[in-house]
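**Student:** Given next are the chains, with one letter for each unit.
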Amino acid sequence: MTGAAALMAALEKEKVEFIFGLPGGANLPIYDALVDSKIRHVLVRHEQSAAHMADGYARIKRKAGVCFATSGPGATNLVTGIATAYADSSPIIAVTGQVALPMIGKDAFQETDIIGVTNPCTKYAFQPRVATEIPEMVKKSFYIAESGRPGPVLLDIPKDVQQQVMKMEFPDYIKVRGYNPVVDADLTEINKACEMILKAEKPIIMAGGGVILSGAFSELQVLAELLSIPVVTTFKGKGAFPENHQLALGPIGMHGHAEANKMVLEADCIIAIGARFSDRTVGRFDEFGKDINVIHFDVDPAEIGKNKSVNAAVIGDVKSSLRSLIKLIPKNFQTNDEIIKLWLGRKRELVNYYEDSIKDYSREITAKKALKKLREILPADGIVTTEVGQCQMWASLHFDVITPGTFFSSTGLGTMGFGFPASIGAKAARSNVPVVDIAGDGSFNMTENSLAVSVLEDLPVIVFLLNNQMLGMVAQWQRTFYNRRYSGVHQKNCPDYCKLAESYGADAYRVSTLDELDKALRNSLKSSVATVIDIPIDPDEDVYPFVAPGTGLKDMIIGA
Amino acid sequence: MMELSKSKSIFDYDDSNKMYILSVIVENKPGVLFRITNLFRSRNFNIESITVGITEKPDLSRMTITTISDVKTLEQLVKQLQKLIDVIQINVLNKENAVYRELALIKMNAKDPTTRIEIANFASIYRGNIMDITNETITVEIIGTPDKIDAFKDLVSGYGILQVARTGVSALPRGAVDDDL
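Protein chains in written order, with our numbering: chain A, 656 to 1215; chain B, 31 to 211.
For reference, chain B alone in the conformation it holds in the complex:
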């Protein structure tokens, strides 16, 4: 079995700085995304990725924000987010208490038929899908944790990666639902 992940796990990025996933329930209305990203900017917080989508309730959106920070900064970040009136609820997630996934589309050089077969094999090991294939290129969809996507990228980097689109992390806490929204 091959080494799936070459890079360090995202949750152990550094002794002091770690990646955290914030699952934030917000009002589904105009201007909310702006208020949140502006808060990150004005308070000097760093966003790795941010995804937004509607939840099971049409008037609420779930934002999944990944950030690399130390615990003290994380605490400030959560408190400042909580102060925003459009923010209803925040969960700080980690790999133990959450399921989290990201989708990536990766387009590679594949002029040679053997290359296309090799890439298709790698993709199937990574449970990826071939989304598009031409005489020149191949585009693979990979779904998984960010390290799995990083690992796949490392694996195929030798073929020449042409374009990458990543969605950022989406996450949900594991198990029973204990919030009343």
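Just chain A, same shape as in the assembly:
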């Protein structure tokens, strides 16, 4: 058996269904072995998209996604996707071809030290020196990528190692001695956390991406309902908790919901679950949760105290930790209903206050109105991804996620061009539900060639294109902080997105009224091919509320 065939066999043993990739000189033996494999290959048009597709697949399947690229430029094209997955703790396995062992270090054609290049944004990297190492390395790659705090793993295979013919052994069991992710948290810490929570009068839960990664949706809901604790999320945690729930306040942060930003500051105890206190979420580290109890549940010990000192730290898989926490709450525990009434009443007060104070644009179609329409029509279990920029923040503000775990976005790295290929990966992971990419024209331009993949591979998704002909978020900052000196932001509606979509064989609609949008959405949900819905909006429409960088949540600006 060749190294390449062993790779494919090992991937089959890991129950890989899809490989997103693009061949080249240094991975030809792998592509040859692919011919005999049961695994479905999805040919991309650019390797960046392959990594994003694997990422989108992983986030919905909750299992590592796989992408292939050749050496040199193929591998470096993956880097943005790998860094995106790393920032959002998403498990992907990137398999790159490498020049043959004797050529490494000789600056050979299409040679890049991809392990060195990706070192800061991979959880681990392997480079087999003999083909017999491949099966074990594959198994270790999946174990490392999917366990603990998930993340990308690179497997860089020299071409001659792919070609070596050897007798292969496939291990059933592997151990990585320097890697022992904590699963079950220390009970004394959970006890301490429990006491703080039960003592608090105005507690608030801040649910992060960790809740989604560990699938702790029902545990979170049980905890919140049991003690009537309102729930805010980080942006990555959006959809960890149903946003139509009476305890839900939505995401906090730079473009968080006003009432969520306000209420988190009034709490006397913050219960952060699978969240990392990012600057975009908490504003200023020193101001956030100052002088109150902050409890941190996380699987990654290095997150404890990294950005924020906390009063109790529960290290372990958050699903398991929450289960233990719920068990510790005494059966006969009496909640103080008077206090809860006041605290939840404050939530209603704030929601009403901000609903009236935030103005809506009077135009026929605004981002907000369009997204409300999308929510109205898309089934609750439909999957939504976003691009990056204003479209992303509008999605955060105006699109309520009802079924937990059906929303994701490039929240950590903020990668423009992520949403569309990631939505194709999500469709591959769950083909029986509609998948929508809430896009802006700036981001969509970056990976729009994935239309070919969506159409040819029968992975139809809907591109919900909020088109303001602008790199809108940059324009908003230039409007706000640079005295309207616009610089490098005008895209001038080029290309014509309907013609572009049609040239790929996709459906396309351009809508100018909410009725047209309604029809277009209903049609696209029925369509068997990809659809682009071009929704022209006002280039001057800004995202509010806004917490300016370097300021705290209390300095939130409600509108221009």
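Note that these hints are calculated values from the structure, not bench results.
Note that CB positions come from ideal geometry on N, CA and C, so glycine has one too.
One thing to keep in mind: the hints can contain errors.
[Said to hold, decoys possible] With the C-beta cut set under 7 Å, the calculated list includes, among others, these residues of chain A facing chain B:
| hint | residue |
| --- | --- |
| 1 | 774 |
| 2 | 775 |
| 3 | 779 |
| 4 | 833 |
| 5 | 834 |
| 6 | 956 |
| 7 | 957 |
Using the hints provided, position chain B relative to the given structure of chain A.
**Tutor:** Positioned in the frame of chain A, the structure of chain B alone reads:
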């Protein structure tokens, strides 16, 4: 008896910033040193010295890393190191719980025979060895704690130090071995 150490002890560098010695057991394989030093760079940690050598087990290396930092930074550093898959075990050492040594080679100007004798005397007080001697220069090997080496350097600086090579600190915890590697 002369004052052996003029400089402050390395362990009391500053109220908030202290020197710490991390004794780190890692996989003995290619790329591990790169991963560790790259972590220091990308997370903005500062390394004073780093030494690597094979341990009693051929598949493990011991890295001794000295760094100057406050306790909070040290804690992050240890946690980030622990996250590296090639890192098996970390011990944070201090002067109470560890033996630690550094080796330095110091080459000085010594054209005059009396100078050579003086330097040789100083070296013997510091339990150093003369490694090389010519009509122009003398090279001394000093082994000890970093402050002892600093003190010797201060002492002989008047003669004109030409070259210095230091290994960085190597350290082991004192007493019984309680890890099972």
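**Student:** Could you run down the list of hints and mark each one as holding or not?
**Tutor:** Now the hints, each set against the structure:
1. 774: Residue 774(A) check passes; min Cβ-Cβ to chain B is 5 Å, inside 7 Å.
2. 775: With a minimum Cβ separation of about 5 Å from chain B (threshold 7 Å), the hint on residue 775(A) holds.
3. 779: holds, 5 Å
4. 833: holds, 5 Å
5. 834: holds, 5 Å
6. 956: Check passed: Cβ of residue 956(A) comes within 5 Å of chain B, closer than 7 Å.
7. 957: Holds: closest Cβ of chain B sits about 4 Å from residue 957(A), inside 7 Å.
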